[in-house]
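Novice: Sequence:
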Amino acid sequence: DNVFDETSTTKDVYAKTTKGIIDSVVGGFNGTVFAYGQTSSGKTHTMQGCEGEPGIIPLAVKDVFEAIEASEGREFLVRVSYLEIYNEQMMDLLSKESRLQIKEDPDRGVYVSGLKEEIVTSPTQVLSLIEKGVARRHVGETNMNAASSRSHTIFRMVVESRATDAAPSDTRDAVLVATLNLVDLAGSERVLKTGAEGTRLKEGANINKSLLHLGRVINLLAESSGDKSTGHIPFRDSKLTRILEPALGGNSKTAVVCNVTPAATHAEETHSTLRFAMRAKRITNNATVNEVVSESALIKRQQREIEELRKKLGGEGGGSVSNDEINALRREMLEAELERERLANELEQEREERDKAQREASAKIDNLTKLVLRTDADAEEEK
1 DNVFDETSTT
11 KDVYAKTTKG
21 IIDSVVGGFN
31 GTVFAYGQTS
41 SGKTHTMQGC
51 EGEPGIIPLA
61 VKDVFEAIEA
71 SEGREFLVRV
81 SYLEIYNEQM
91 MDLLSKESRL
101 QIKEDPDRGV
111 YVSGLKEEIV
121 TSPTQVLSLI
131 EKGVARRHVG
141 ETNMNAASSR
151 SHTIFRMVVE
161 SRATDAAPSD
171 TRDAVLVATL
181 NLVDLAGSER
191 VLKTGAEGTR
201 LKEGANINKS
211 LLHLGRVINL
221 LAESSGDKST
231 GHIPFRDSKL
241 TRILEPALGG
251 NSKTAVVCNV
261 TPAATHAEET
271 HSTLRFAMRA
281 KRITNNATVN
291 EVVSESALIK
301 RQQREIEELR
311 KKLGGEGGGS
321 VSNDEINALR
331 REMLEAELER
341 ERLANELEQE
351 REERDKAQRE
361 ASAKIDNLTK
371 LVLRTDADAE
381 EEK
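In the UniProt record's numbering, the protein residues as written are 1 to 383.
Each hint should be verified, as a subset may be incorrect.
[Stated by the list, open to error] With a straight-line Cα cutoff of 20 Å, these simulated SDA-like cross-link-like pairs (lysine to any residue) come out:
1. 16 with 49
2. 209 with 122
3. 132 with 103
4. 16 with 66
5. 239 with 122
6. 132 with 76
7. 11 with 111
8. 19 with 9
9. 132 with 122
10. 202 with 86
11. 356 with 11
12. 62 with 24
13. 209 with 225
14. 103 with 271
15. 16 with 287
16. 202 with 212
Source of the hints: derived by calculation from the structure; they are not laboratory data.
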């Protein structure tokens, strides 16, 4: 645990809280970092930073690629997504897709179906996508913050890696798939201090509600830490806690940065944030390396296609195939694979919506039928 005063920089915070997690992610461990605290306490500055002082997110992106460059004997595939939770509605900050659903899979764990994932190859490309997402995020002015975040955001990097062809065949079959969540939470609010009205009031109410659910989950996990007979933990009560479920007492190396303000007028909120930190500190996670041996890893499926393509091209008398040509084809196939997954998710959602509409129509017909029967019975009695 660490305490940072007004002289500390975002790099200081990053070095103590996040750097070790980033190194672990490249090694196959899941990682999560999120900032928590009242509105206007510096959470977004801590996570995003500003010109001349990068925050945790850009510093993490830079270190992920540096760690990949330093890794010998492995090849990597990195993809990113950017999710916003606004008024308990999920929104994709990298596309206009709005039909998002939370799902769970034995291999992928908890994920958001329909969320666009971009395959990335450099920090510059990632930072450009982050800038695009930040521009779409909901912000608004209150008495406490001229640019108050009105939503929670989760920037996610999925890092897949496999041993190169030079490695033994038994190690090449295993793929490491790690997920890094970098979370910027909206701040808790008090109406008397923010002066929120109308839309801002509704936003504040939803922010407080989701943070209340998060606090409840943290409290229950802290009380039951180490107790295998834990009762029900209400992760499903909010989208935020559902998505962060693996990071809270699960398979993840997690850091919580609690932001407070030294102003005496906010002493009560500061005390509340510190209590949250004390509870979070008691939670025990069980992080393990995520090794995938099935075909669910993108990098594994595509590698087989690349090998088949290389053999085919070589067998047609076309001579040797350059690495640049192979990499270009590989990228096209990866993007096509992600697009196929997205379309499959859309079809599944349409089928679920159609089934739901049919059930509602059947229920409506049943109710109308019962109403007609009751009306006929009443008419008979009157006779």
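Novice: Of all the hints numbered above, which does this structure not satisfy? Sort the numbers upward.
Specialist: 2, 3, 5, 6, 7, 11, 13 and 14
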